[in-house]
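So the sequence lines, in the order shown, correspond to chains Z and R.
Add 42 to the 1-based position in the first sequence for this note's numbering, that's all there is to it.
Add 228 to the 1-based position in the second sequence for this note's numbering, that's all there is to it.
No lab work stands behind these hints: they were computed from the structure.
Note that this is a predicted model, so its numbers are computed, not measured.
Cβ atoms here follow ideal geometry from the backbone N, Cα and C, with glycine treated the same way.
Among the hints, a few may not be true.
To be verified - Estimated spans, in silico, between C-beta atoms of each pair:
{"hint": "1", "chain 1": "R", "residue 1": "Gly-295", "chain 2": "Z", "residue 2": "Asp-173", "range": "22 to 32 Å"}
{"hint": "2", "chain 1": "R", "residue 1": "Trp-262", "chain 2": "Z", "residue 2": "Glu-141", "range": "34 to 44 Å"}
{"hint": "3", "chain 1": "R", "residue 1": "Gly-263", "chain 2": "Z", "residue 2": "Ile-108", "range": "48 to 58 Å"}
{"hint": "4", "chain 1": "R", "residue 1": "Val-254", "chain 2": "Z", "residue 2": "His-143", "range": "24 to 34 Å"}
{"hint": "5", "chain 1": "R", "residue 1": "Arg-237", "chain 2": "Z", "residue 2": "Ser-158", "range": "17 to 27 Å"}
{"hint": "6", "chain 1": "R", "residue 1": "Gly-263", "chain 2": "Z", "residue 2": "Ala-150", "range": "24 to 34 Å"}
{"hint": "7", "chain 1": "R", "residue 1": "Ala-273", "chain 2": "Z", "residue 2": "Arg-280", "range": "43 to 53 Å"}
{"hint": "8", "chain 1": "Z", "residue 1": "Asp-173", "chain 2": "R", "residue 2": "Leu-280", "range": "43 to 53 Å"}
{"hint": "9", "chain 1": "Z", "residue 1": "Ala-260", "chain 2": "R", "residue 2": "Val-259", "range": "47 to 57 Å"}
{"hint": "10", "chain 1": "R", "residue 1": "Val-254", "chain 2": "Z", "residue 2": "Arg-280", "range": "26 to 36 Å"}
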Amino acid sequence: MISWAHALPSLTAAFLASLVEFVEALTVVLAVGTVRGWRPALFGTGLALTSLAVLVLALGPALTQIPLDYVQLGVGLLLLLFGLRWLRKAILRAAGVIEFHDEAATYAGETALLKSYGAARNRRWDAVAIDTSFKIVMLEGIEVVFIVIAVGAAGGLLVPAGIGAGAALLVVVLLGLVLHRPLAKVPENALKFAVGVLLAAFGTFWLGEGVGVDWPGADWSLLGLVAWFLLVALGAVRLCRARRSAALAVGD
Amino acid sequence: MAALKTILRELVGLFIDDSSLAAGAVVWAAVCGWGLPVLGVGGEARAALLVLGLAALLLENVVRASGRVGRRE
Chain Z
43 MISWAHALPS LTAAFLASLV EFVEALTVVL AVGTVRGWRP ALFGTGLALT SLAVLVLALG
103 PALTQIPLDY VQLGVGLLLL LFGLRWLRKA ILRAAGVIEF HDEAATYAGE TALLKSYGAA
163 RNRRWDAVAI DTSFKIVMLE GIEVVFIVIA VGAAGGLLVP AGIGAGAALL VVVLLGLVLH
223 RPLAKVPENA LKFAVGVLLA AFGTFWLGEG VGVDWPGADW SLLGLVAWFL LVALGAVRLC
283 RARRSAALAV GD
Chain R
229 MAALKTILRE LVGLFIDDSS LAAGAVVWAA VCGWGLPVLG VGGEARAALL VLGLAALLLE
289 NVVRASGRVG RRE
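Using the sequences and the accompanying hints, generate a full structural model.
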């Protein structure tokens, strides 16, 4: 029986994190399709998705052979590092310390780069287009696979995590088909902030399980960890804004 | 080969953006997992210390970064 205390955060974390990754992949695939043609763009995308499926099918069963303690420790540590990295960047962006990620600028840059390569010698095999779309889908796809494994494997929640990632893919593909332009209006930093909080909480929980600490309230402490990291992150934004203002005042 | 290198670099970059934060988190987890039991600290106290320590590491890191305004990441 799947506990909702685990399943809902797993599904939400996988959905939000995958949404960010798929939006980034869509931006580049759209640029490739627009500049170099849709056939090589979709061929590269399909090739990457097939490679990812092979990777998951090959490595997935191996994961079940590893003792649960080691899975919790390994997945928890990676998840914590992943979550803290996203949370750190989201805090610094929210506080105005570093610049926001701009999908429209990424699209413009990628479009200009693809145009600079000139036309393909063989119209049926545009290596630049295939390579570009393959690399971005592979990169973002590996991140999604990791996210699904990380939020799902240690707690036996691969199905809800997979559903979350699948739903994110569906949303991005549908929006891409309808809009035919980068999803620049997606509040990426707010998503990264929320996902950073969720992943840091999950990572701390599983890492704690892996190293043998006792969580008060057992599985329910996961919700407490989410609230804690949210509180810390919101406080951090305020502190960083004040610190940034002070640093700028000294600079003037 | 170049694509493989890019993928590997991106994979490492997935987890490590600021090495001091990553290293601090790993060391603190090791202290809470294997160091504190030697000192007789209980399981629930270790859980609390793990959570507090990680939050402190994150706060210290972002506040320090905020003092270096003007840089791009």
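Each hint, compared with the structure:
no. : hint                               : in the structure
1   : R:Gly-295 to Z:Asp-173: 22 to 32 Å : violated (41 Å)
2   : R:Trp-262 to Z:Glu-141: 34 to 44 Å : holds (40 Å)
3   : R:Gly-263 to Z:Ile-108: 48 to 58 Å : violated (25 Å)
4   : R:Val-254 to Z:His-143: 24 to 34 Å : holds (27 Å)
5   : R:Arg-237 to Z:Ser-158: 17 to 27 Å : holds (23 Å)
6   : R:Gly-263 to Z:Ala-150: 24 to 34 Å : violated (51 Å)
7   : R:Ala-273 to Z:Arg-280: 43 to 53 Å : violated (29 Å)
8   : Z:Asp-173 to R:Leu-280: 43 to 53 Å : holds (47 Å)
9   : Z:Ala-260 to R:Val-259: 47 to 57 Å : violated (23 Å)
10  : R:Val-254 to Z:Arg-280: 26 to 36 Å : holds (28 Å)
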